[in-house]
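K.L.:
Kindly produce the complete structure, drawing on both the sequences and the hints.
Protein chains: 4
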Amino acid sequence: MVRVGIVGGTGYTGVELLRLLANHPEVSVEVITSRSEEGVRVADMFPNLRGHYDLAFTVPDIERLAACDVVFFATPHGVAMSMAPELVARGVRIIDLGADFRIKDVPLWEKWYKLEHTCPDLVEKAVYGLPEVNREAIAGAQLVACAGCYPTATQLGYLPLLEQGLVDHRRLIADCKSGVSGAGRGASVGTLLCETSESMKAYGASGHRHLPEIRQGLGNAAGRPVGLTFVPHLTPMIRGIHATLYSVLKDPVDPGLQQLFEERFANEPFVDVMPAGSHPETRSVKGSNYCRISVHRPQDDDTVVVLSVIDNLVKGASGQAVQVMNIMFGLKETAGLNVVGLMP
Amino acid sequence: MVRVGIVGGTGYTGVELLRLLANHPEVSVEVITSRSEEGVRVADMFPNLRGHYDLAFTVPDIERLAACDVVFFATPHGVAMSMAPELVARGVRIIDLGADFRIKDVPLWEKWYKLEHTCPDLVEKAVYGLPEVNREAIAGAQLVACAGCYPTATQLGYLPLLEQGLVDHRRLIADCKSGVSGAGRGASVGTLLCETSESMKAYGASGHRHLPEIRQGLGNAAGRPVGLTFVPHLTPMIRGIHATLYSVLKDPVDPGLQQLFEERFANEPFVDVMPAGSHPETRSVKGSNYCRISVHRPQDDDTVVVLSVIDNLVKGASGQAVQVMNIMFGLKETAGLNVVGLMP
Amino acid sequence: MVRVGIVGGTGYTGVELLRLLANHPEVSVEVITSRSEEGVRVADMFPNLRGHYDLAFTVPDIERLAACDVVFFATPHGVAMSMAPELVARGVRIIDLGADFRIKDVPLWEKWYKLEHTCPDLVEKAVYGLPEVNREAIAGAQLVACAGCYPTATQLGYLPLLEQGLVDHRRLIADCKSGVSGAGRGASVGTLLCETSESMKAYGASGHRHLPEIRQGLGNAAGRPVGLTFVPHLTPMIRGIHATLYSVLKDPVDPGLQQLFEERFANEPFVDVMPAGSHPETRSVKGSNYCRISVHRPQDDDTVVVLSVIDNLVKGASGQAVQVMNIMFGLKETAGLNVVGLMP
Amino acid sequence: MVRVGIVGGTGYTGVELLRLLANHPEVSVEVITSRSEEGVRVADMFPNLRGHYDLAFTVPDIERLAACDVVFFATPHGVAMSMAPELVARGVRIIDLGADFRIKDVPLWEKWYKLEHTCPDLVEKAVYGLPEVNREAIAGAQLVACAGCYPTATQLGYLPLLEQGLVDHRRLIADCKSGVSGAGRGASVGTLLCETSESMKAYGASGHRHLPEIRQGLGNAAGRPVGLTFVPHLTPMIRGIHATLYSVLKDPVDPGLQQLFEERFANEPFVDVMPAGSHPETRSVKGSNYCRISVHRPQDDDTVVVLSVIDNLVKGASGQAVQVMNIMFGLKETAGLNVVGLMP
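Chains as they are written, first to last, in the UniProt record's numbering: chain E, 1 to 344; chain C, 1 to 344; chain V, 1 to 344; chain B, 1 to 344.
Quick caveat, the hints were computed from the structure, so don't treat them as lab data.
Among the clues, some could well be false.
Here are some, though not all, of the chain C residues that point toward chain E, as calculated from beta-carbon distances under 7 Å [stated by the list, open to error]:
| # | residue |
| --- | --- |
| 1 | R50 |
| 2 | S284 |
| 3 | P344 |
According to the in silico footprint, chain V covers these stretches of chain B (three or more CB under 8 Å from chain V) [to be verified]:
| # | segment |
| --- | --- |
| 4 | 45-58 |
| 5 | 280-293 |
Covered stretches of chain B, as calculated for chain E (at least 3 residues, CB under 8 Å) [said to hold, decoys possible]:
| # | segment |
| --- | --- |
| 6 | 111-121 |
| 7 | 204-211 |
Note that this is a predicted model, so its numbers are computed, not measured.
Note that CB positions come from ideal geometry on N, CA and C, so glycine has one too.
P.N.:
Here you go:
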């Protein structure tokens, strides 16, 4: 059994980790931390866990975390980098669901996150946690920085096109729509039901923290820097990301897009290329770790439209983290992740 | 492996059965029928099932169904009674999620369902499928009529009070709220998003088909006929039933209500009595087979308020059916049902 | 033109007042206060008001408020009572949307609101703002305490029955469902979209602040104290209250309930008794000042079920306040309130 | 008073016309037709209209319609063209909310709508009903083809850029999100609450009927044919369209985008250019006739992002039709349209 610790268990990615790990056959959750909820049983805070966990929140403590095989950070940025060095030094493996170790260019990270990075050396060592790109490196990593939610949906949709150099890498447009859970469980007026339901809006149109992360990943796939316009939208639903990805074919002759996508992801357990002409719905992945993708070429023109959907809390966060853990510990990659999407 | 057939797989209870059975370790779904969708793969109709099923819908056929160990009917009333006699004759066990065999008083059934019953003898043989009341009879049954959604939430909430004779059985009021999926997947103006979201309404205030079923169950618990006012409400959400159950204590001395409920359900794997003072949320059981209950006695007066929540598609339909199947076939009662509620 | 001041304009009842007053032909909003948003234009905070108001928030100031003919308090309890005495002394008329002056029994108020009342003498003078009960007194009042949201829906539904003494006043059950806007615009985890949508729950089952207010109003109608069980529920929608009201007829002979209700409200511009057999939907009053009511007597038994719906922000708050103002200033009672409900 | 007839009053644009016209000071609705609902009072079908209309549906009858000054068609395509010639011949003015007369290229219309056009001559005469482009022509028109919902949001957002020739007209990308009411009030599985809430999906990615209409309008603005990729998305809300419009500046020097937009719409009563940096929310126009627009230039790069929101049933349909009527009859353009958006 892999002994698991979770730092920061009171947010949505924390409770989602607990949901997935409750049915994982090879894992035992040993520690879950929260400064504010010390002593509270996780099942009292999240009643869906009643009958599945007896665990209570404890104050973060290096000793107890160091006794784990792996520690998940389900925390806002800045927390993981404050504890990672000591845990790494003690041989614990780390899976960070936050942003601390995702961006290799530390000054760029500092610019977007408005924070000094306290362990740039670990950034260098960290492996970017997108299994469809980095499976081998993840297997041997001590510290994995899981891909963010928008970055996961966007990269998986663009990868086949950029890896093959089929589209103009200077003019990528990612129009992304996210459910409200992407904004977290903190009390704020902006994410009240009365402020977000029955409405749609863009936000961060002039710049969002996931932009540099997506650019980094797409640049790696393309083998050179890419030009990307990324506009996220807040959508009146709890879960789900829908990425609508536009790019322009360099050569108007059809490169066999459907086949290209099917082949690229043929061996991926959690990427499902839909039949030609499909429009994936976010609800088809609600609660599950799948990314569903379809490719369109409207009016046979030179613009390619890729539709890519995930559950932001699963493949966009906690499910991806479990998938990464499975790879790191040599477990079956799908262990604990055989959840069927909840539909309707 | 239990060989399973499903009649009527295109509605919400059908796809929900498939979701639950996909992860059931002892079951193989052999047949799923639909007249209108013959030849369509279930995963093409319900994309959440992609990667879990290769099965396609076939026209209902007695031979193929008779080769199963058990056949689920996830059909509107009237269908099960038309096929049950032949399947029963051939030794197949039947679990009906519909209403055909729930009410022992056949003329009463005919009055509410406006249909002549074609096999009243099977009604007599049928066991009412509410495990918390009938576990032993279910184990030996050939034909089980699963309890309906409102009846499940309502009976589980009232049982401890009526079995002990603590409340006035003549004045029961069940104010119930259901998500829209309770109305099924048929095309109708009344259940469009634009007609049901951002609104709340009662319906069937003067009489709803679940009334005689609930009365029958409560009457059995009380040992005599009960007086019940039952008002269902349509609530702007997909899943969930919230039953708010009012009754009047015969004796104003506190009978230890919290303890009574805890003891009554101490050995029930899917009934969770919440701590005193709690208010269960339907989302805590979203996708799971739990019924969560709490008991209140406002201002220490003589009115008892029981709050009882289920997912209408799980404990109120398909999950209950799987639980019943587990009991009938001597499997672990929780097999396939260890799903944690999806929260948020 | 009636010169209007609004204290506390940043909550939902404040912006709703502004929405309604924007089209009121006889009113000019002169002042709107907010300590936290001083200097911010109301239309910058609430973009729906762009093009309708140039007004900016100012810090509460007695001089400026005293220059108004009427001041609305759209504030949490405790604020109105701190400013009312001085404004009253200066001859300003006051309409309080909050709870400070609703309950005549001051110690009872202090018990439920956990606050010492600082001007009990004004409580005595205050007129309870439910026009369907108190129209004449409102016309001459200097200080009106508008009825709360649950109390409005509940009282209007019970009034005909209690005024005529037709039902057992000791056993009233009000099962009420409210949209989330009833909880206000404050940042809190409990009213986030991710915590409230796709879920239904009761709250305050053991006691809610509107209980004593409702009891007072129903007691006045019945001419003696009533016994009431009141259970509010949080419903996944923005606006709307649905009250389902149970009571028991003293005499089983049908007293002509439909006619009774129609006659009681025949001259009420904002109470609409629906045809027999109807089920009013909250969306039919979304944005409008109507209360829609229907009466049922299930199975012709002795239990009466009244269904009463309002928009909690309109007839349950700001619309009622405007109706009260119209009465106080001798304007047409429907002025500014001819809004048709937004459906769908 | 302008005597109004409405053909096809049972859909969402029909009831929305009635809502807006109920408070229009210069209009009297004389006839409303429906074959299926003959004799039913509109207020019985749409209870939000109770107290505002006594009118009942009648079977379409040319005589009665010909007695009106203007007839609105709130019908699916194909209906208006079957009745328009006779009404036009009798001097009645026509406002079509449907698609029959929007596209000047009749064979193109026939290709997308899969129907033979029965009065191409009227197409030629018809004026395209987008006041911000065609005000003068509308004033003198006998037949106006109101702009569609997506076309309105999209054209208003692109107009300033294309009219000034600032962006590459060959590479326009309109990523549009619509509430479910855009799909109408017909019974269909695809628009059930259980199929559309808690989900986001694209549809018609390979081609949607509004594409040729948008292209025609943008081509007119640009003075030459444009290249447009248009991807509509179904969003889990009742009302609202959010258009996110991408284009590439020809000259990287900032042309003063904010000022350009403000000046273009300075005299438009229903187009509201938001302050620089804003993100308009669809809820800010819920129930109102505004189009709210903001312009972004992310990272000062050469891609321009315009955000444009409307209520699809108001500025995208019935409100626009009323605005058009006001212009045609020389009334105040805002008459009946001073509705403040419903927020929250």
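K.L.:
Determine for every hint whether it applies to the structure shown.
P.N.:
Okay, the hints, checked on the actual structure:
1. R50: Result: holds, 6 Å to nearest chain E Cβ.
2. S284: Status holds, d = 4 Å.
3. P344: holds (5 Å)
4. 45-58: holds (count 7)
5. 280-293: As far as the segment 280-293 of chain B goes, the hint holds, because 10 residues have Cβ atoms under 8 Å from chain V.
6. 111-121: Since 0 is below three, the answer is violated.
7. 204-211: Check passed, 3 qualifying residues.
In this structure, the one hint that does not hold is number 6.
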